[in-house]
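Novice: Okay, here's what each chain looks like letter by letter:
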Amino acid sequence: MHDGAISTVFFYLFAASSIALALGVVLGRRLLRSAICLIGVLGSSAGLTLVLGFEFVAGIQVLVFIGGIVVMLLFAIMMTSQGHTFEQQPTLRRRVAGATVAAAFFTVTLSAYLNADFPVPTAEQLAVSHEGADEIGRKLLSNQGDGYIVPFEVISLLLLSALIGGIVIARKHAPEDEESDQDQGLANHPSDVGR
Amino acid sequence: MLHPPTLTHWLALSALLFSIGLYGIFTRRNAVGILLSIELMLNSAVLNLVIFNRFVASGDVDGQVMALFVIAVAAAEAVVALAIFVSFYRHRHTLDVTEANQICHPGNSTP
Chain A
1 MHDGAISTVF
11 FYLFAASSIA
21 LALGVVLGRR
31 LLRSAICLIG
41 VLGSSAGLTL
51 VLGFEFVAGI
61 QVLVFIGGIV
71 VMLLFAIMMT
81 SQGHTFEQQP
91 TLRRRVAGAT
101 VAAAFFTVTL
111 SAYLNADFPV
121 PTAEQLAVSH
131 EGADEIGRKL
141 LSNQGDGYIV
151 PFEVISLLLL
161 SALIGGIVIA
171 RKHAPEDEES
181 DQDQGLANHP
191 SDVGR
Chain B
1001 MLHPPTLTHW
1011 LALSALLFSI
1021 GLYGIFTRRN
1031 AVGILLSIEL
1041 MLNSAVLNLV
1051 IFNRFVASGD
1061 VDGQVMALFV
1071 IAVAAAEAVV
1081 ALAIFVSFYR
1091 HRHTLDVTEA
1101 NQICHPGNST
1111 P
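Sequence order for the protein chains is A and B.
Counting from 1, one number per residue, gives the positions in the first sequence under my numbering.
Counting from 1001, one number per residue, gives the positions in the second sequence under my numbering.
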């Protein structure tokens, strides 16, 4: 989808919505609402990827980022908040520090972008279509010099180890663990049921 | 009416999203809030890779492959971070990162 006017309109639409929702993510005091805003940001980014013409990456972004990561974040927010999902207003010092660092980063990066002379793409280069996953799949699984078979396998191992590590870290301790016994004893006490 | 977006427009958008995430990391105190900002920054990095794939190396698919790798690593990172948060919350009943200054709970030998 890179035919002039329509993609221009969609670019500005998605850019405005993603910036507004990103501000909602960092400025809001309710974590659940921030997570919902993050869904919007990621959806807008998938739209921007679609404007660039990469349908496969946009689909993966919706599936994994929104469908996987944000849903897991929502679970974590609900598991770790006992009714008080508010966060107190950050101190002025933190806000000044954050704004300074963010503005400095943005200024430096933007000036670097403006001073760099990237090769200007010709019209025929921009017309190259990427609307197919077959080339990505071939690149991922090729063992030639420019293939990505080794990182692909390493990623699968990394995901497996993250899965096992997540289960091991987050599981409840064994019953013979002294502290977990105490916790259960406290929870069974009538006055502490609401804890 | 609208100026068609050039490479600099795209890169400025992604840099702006990244700096918003940076601001969030500095101001949030809740650990899940910080993780939300980190996801924002990872998303802008993915966007950057895809933008360069389109405008600078439009004949290749390397940028898209790298974007897929970043997404996979982001998923792994989120899993481990959330497991740590749940474990931390079980011990301390809070997720304030300024409280997270000990690896081991006092008086408890298991981490």
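Hints in this document: simulated from the structure, not taken from any laboratory.
Ideal Cβ positions, reconstructed from N, Cα and C, are used throughout, including at glycine.
It is possible that some hints are incorrect.
Just so you have them, the derived chain A footprint on chain B, three or more residues with Cβ under 8 Å [stated by the list, open to error]:
id	stretch
1	1016-1022
2	1025-1035
3	1045-1058
4	1062-1071
5	1076-1087
6	1097-1103
Label-pair ranges, simulated between beta-carbon atoms [claimed, not checked]:
id	chain 1	residue 1	chain 2	residue 2	range
7	A	L27	B	V1070	39 to 49 Å
8	B	G1059	A	I6	20 to 30 Å
9	B	H1009	A	V108	16 to 26 Å
10	B	T1008	A	V168	23 to 33 Å
11	A	A112	B	V1070	13 to 23 Å
12	B	D1062	A	Q89	41 to 51 Å
13	B	A1057	A	L110	28 to 38 Å
14	B	V1070	A	L23	18 to 28 Å
15	B	H1009	A	L63	40 to 50 Å
16	A	R33	B	D1060	19 to 29 Å
17	A	Y113	B	R1092	22 to 32 Å
18	A	V168	B	L1002	44 to 54 Å
19	B	D1062	A	L92	20 to 30 Å
20	A	N115	B	I1084	13 to 23 Å
Novice: Against each hint, give a clear statement of whether it holds in the structure.
Specialist: Structure-based check of each hint:
1. Here the stretch 1016-1022 of chain B counts 7 residues with a CB under 8 Å from a CB of chain A, which clears the bar of 3, and the coverage holds.
2. Under the rule that three or more residues need a Cβ within less than 8 Å of chain A, the assignment of the stretch 1025-1035 of chain B holds, with 9 such residues.
3. Coverage of the stretch 1045-1058 of chain B by chain A holds. Counting CB-CB distances below 8 Å, 9 residues qualify, and the rule asks for three or more.
4. Check on the stretch 1062-1071 of chain B: 7 of its residues sit with their Cβ under 8 Å from a Cβ of chain A, so the three-residue criterion for coverage holds.
5. Coverage of the stretch 1076-1087 of chain B by chain A holds in this model, with 11 residues showing a Cβ closer than 8 Å to a Cβ of that chain against a need of three.
6. Coverage of the stretch 1097-1103 of chain B by chain A is violated. Counting CB-CB distances below 8 Å, 0 residues qualify, and the rule asks for three or more.
7. Range check, L27/A to V1070/B: Cβ separation about 26 Å, and the 39 to 49 Å hint is violated.
8. About 24 Å separates the C-beta atoms of G1059/B and I6/A, a value consistent with the hinted range of 20 to 30 Å.
9. Evaluation of the 16 to 26 Å hint for H1009/B and V108/A yields a pass: the beta carbon distance comes to about 18 Å.
10. For the pair T1008/B and V168/A, the beta carbons lie near 46 Å from each other, so the given range of 23 to 33 Å is not met.
11. Judged by the Cβ atoms, the range 13 to 23 Å given for A112/A and V1070/B holds: they are separated by roughly 21 Å.
12. Checking the proposed 41 to 51 Å range against D1062/B and Q89/A shows it holds: the Cβ atoms sit about 44 Å from each other.
13. Taken as a hint, the range 28 to 38 Å is violated for the pair A1057/B and L110/A, whose Cβ atoms sit roughly 22 Å apart.
14. About 23 Å separates the C-beta atoms of V1070/B and L23/A, a value consistent with the hinted range of 18 to 28 Å.
15. Checked against the given bound of 40 to 50 Å, the beta carbons of H1009/B and L63/A, roughly 27 Å apart, lie outside it.
16. Range check, R33/A to D1060/B: about 40 Å between beta-carbon atoms, so the 19 to 29 Å window is missed.
17. Y113/A and R1092/B have their C-beta atoms about 43 Å apart, which leaves the hinted 22 to 32 Å range violated.
18. Taking 44 to 54 Å as the suggested C-beta distance range, the pair V168/A and L1002/B conforms, at roughly 52 Å.
19. At roughly 45 Å, the beta carbons of D1062/B and L92/A sit outside the given window of 20 to 30 Å.
20. Checked against the given bound of 13 to 23 Å, the beta carbons of N115/A and I1084/B, roughly 41 Å apart, lie outside it.
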